[in-house]
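A.B. asks: If you want the building blocks of each chain, they are given just below.
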Amino acid sequence: MAITVKLDDLLHDNRMTLTELAERVDITIANLSILKTGKAKAIRFSTLEAICKELQCQPGDLLTFEDAKDNETP
Amino acid sequence: MTNIATKGEEDLVLKSARLLLGFFRFAVIFASVVLVLSLPAMAIFGQHILADVGEQFVNPPSASVLWVSAGFVMVLLLIMLLCYFTIDRLRKVLASVREGDPFNRTNGLRLRGMGIAIFVIQILSALLGALIGVIISLLGEMKEGEQMVVSGEFGLSLSGILLVLLLIVLARVFDRGADMRDELEGTI
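Residue numbers (the working numbering), protein chains in the order written: chain A, 23 to 96; chain B, 115 to 302.
Keep in mind the hints are simulated off the structure, nothing from the lab.
Note that the structure is predicted; figures quoted are calculated from it, not measured.
Don't be surprised by glycine CBs; every beta carbon is placed ideally from N, CA and C.
Just so you know, not all the hints are guaranteed correct.
Stated by the list, open to error - Computed footprint of chain B on chain A, listed as stretches where at least three residues anywhere in the stretch have a Cβ under 8 angstroms from a Cβ of chain B:
hint	region
1	51-57
2	60-73
Said to hold, decoys possible - Across the chosen pairs, the derived CB separations fall in these ranges:
hint	chain 1	residue 1	chain 2	residue 2	range
3	B	E297	A	D83	58 to 64 angstroms
4	B	V283	A	K75	56 to 62 angstroms
5	A	M38	B	D215	55 to 61 angstroms
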């Protein structure tokens, strides 16, 4: 998918584990894990808000867009 | 305020529908058994039946009346089987509502199957009407003072066609519902 979730990097920067974040944002570890691995189909604004609040970041820090064409080798 | 039954619960509508479908299922099975038994009975007592019926007509009816009547019974039996198929699918849809998970592709498939079954029933019903016409023409003219009453509606009906359309559209609605549920399941 062209949208990449950088939850791993943000957790590392904040020295936080997935379990800790799950407890703070009140989302199951299973669901956060789906988000982290990029298997989620959509993210709610409320989830985004809670994660950004806990990780002290902007939505753009968590989600990045990579055009598939940019990755193609000439 | 409308009360919608949650998982495992049944409101009055669901309970009534389940009971009614149970009764219809029994009635269809009973009618099918009677029809199946009538076929060998026609073969064994056919000549006696023809002789009895023949007394009411100017000319004694030919044996072909029995063959057409047997065809009539077989078409009726086919209709009963399709009715059973439809009732059974509807019971399963109802069970999925009770279980709390009705918006799935299986139910879409069931509704589509019911729509096709009812469409075939409509066609077969028209065939029954045609067979009755053939039987009446084969029996010929009745004796003076004798009367024959044929009741029932055979053939395509507007309500039947609307029901087929409703089921086919509902099947699409359930397919879309299943897509939306899948999408929602992937939402964090």
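A.B. asks: Work down the list of hints and note, for each, if the structure agrees.
C.D. replies: Tested hints:
Check on the region 51-57 of chain A: 4 of its residues sit with their Cβ under 8 angstroms from a Cβ of chain B, so the three-residue criterion for coverage holds. Judged by the Cβ-Cβ criterion of 8 angstroms, the region 60-73 of chain A is covered by chain B as claimed, because 7 of its residues qualify and three suffice. Range check, E297(B) to D83(A): about 26 angstroms between beta-carbon atoms, so the 58 to 64 angstroms window is missed. Distance hint check for V283(B) and K75(A): the Cβ-Cβ separation is about 45 angstroms, which falls outside the suggested range of 56 to 62 angstroms.
For the pair M38(A) and D215(B), the beta carbons lie near 36 angstroms from each other, so the given range of 55 to 61 angstroms is not met.
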